[in-house]
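Trainee: Using the sequences provided together with the hints, build the complete structure.
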Amino acid sequence: MKGSSPVVELKLPVLPDMELSATKTAEIVAKHMELSEDKSAEISMALIEACINAFEHSQSNKQIEIHFRIKGDELEIQVTDKGKGFDESKVSIPKIEEKIGSDHKRGWGLQLIKELMDTVSFESSPEGTTVTMTKKK
Amino acid sequence: MSEFKLDIKEEGDVVIISTDGYLNNVGGEKIAEACYEKIDGGKNKFLLNLERSSVVNSIGVSILIEIIEKLQDSDGKLGYYNLAPIVEKTFTIMGLTKYSTVYPSEEEALAGMS
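Residue numbers (my numbering), protein chains in the order written: chain D, 50 to 186; chain S, 8 to 121.
Quick caveat, the hints were computed from the structure, so don't treat them as lab data.
Where is the CB? At the ideal position from N, CA and C, for every residue including glycine.
Check each hint, because a few of them may be wrong.
To be verified - Restraint ranges, calculated between C-beta atoms of paired labels, are given here:
(1) S:K12 / D:H116: 31 to 39 angstroms
(2) S:D27 / D:E58: 31 to 39 angstroms
(3) D:E58 / S:G119: 32 to 40 angstroms
(4) S:E76 / D:P55: 43 to 51 angstroms
(5) S:D82 / D:K144: 36 to 44 angstroms
Mentor: See the structure below:
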């Protein structure tokens, strides 16, 4: 039952390095769930990337919202921005072989999130994007 | 987060850059600036000691790809040591370990760079 899951909510302004305040919360939640240090670090890294994407998509000074939901032995994190949305199917998998020699070396965020978390899903519309990612204990 | 700091020293022909702070775009640019200055001075072997940079993001790490690219022009090498496990995992996912090397210690890094 969704309502019975403990939830931590954060609202972050679009400011430099503000993603690090989200990782501090993630560390505390992970510690509460007795997740391993490695898993906690993977969650923090994925969260940094999700926040950076949300900040960039927002293209404004609006806030982003983060929900940490403890669902038994699974942590679900949702990062929501009020940006213009994006089409995940149009995001190609980055390869370093193609990045070397290219002017565009960025674009690794989604790939890192997918590799570091157990599940990742996206809901996007012209009103904004929500990334939902989970990690099991 | 406090300011990103660099400490630069040379061991023989190897430039060792020790970082301190969040390796984001600002940190990455500082590392690149330091490397490019040394490359212009004829150096082409670089080691990054990331012991005090256990938090990174993909934008900062992307700038290391630029350094790798620049070093290819002079048959140079880039290596790293003292990486937090998550940093090493990030480098592996992004493919940096195909073009540069992670070493377990400074001693092994210097031996590997020679």
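Trainee: If a hint holds in the structure, say so; if it does not, say that too.
Mentor: Tested hints:
| no. | hint | in the structure |
| --- | --- | --- |
| 1 | S:K12 / D:H116: 31 to 39 angstroms | holds, 35 angstroms |
| 2 | S:D27 / D:E58: 31 to 39 angstroms | holds, 33 angstroms |
| 3 | D:E58 / S:G119: 32 to 40 angstroms | violated, 47 angstroms |
| 4 | S:E76 / D:P55: 43 to 51 angstroms | holds, 46 angstroms |
| 5 | S:D82 / D:K144: 36 to 44 angstroms | violated, 23 angstroms |
Violated hints, listed in ascending order, are 3 and 5; each of the other numbered hints is respected by the structure.
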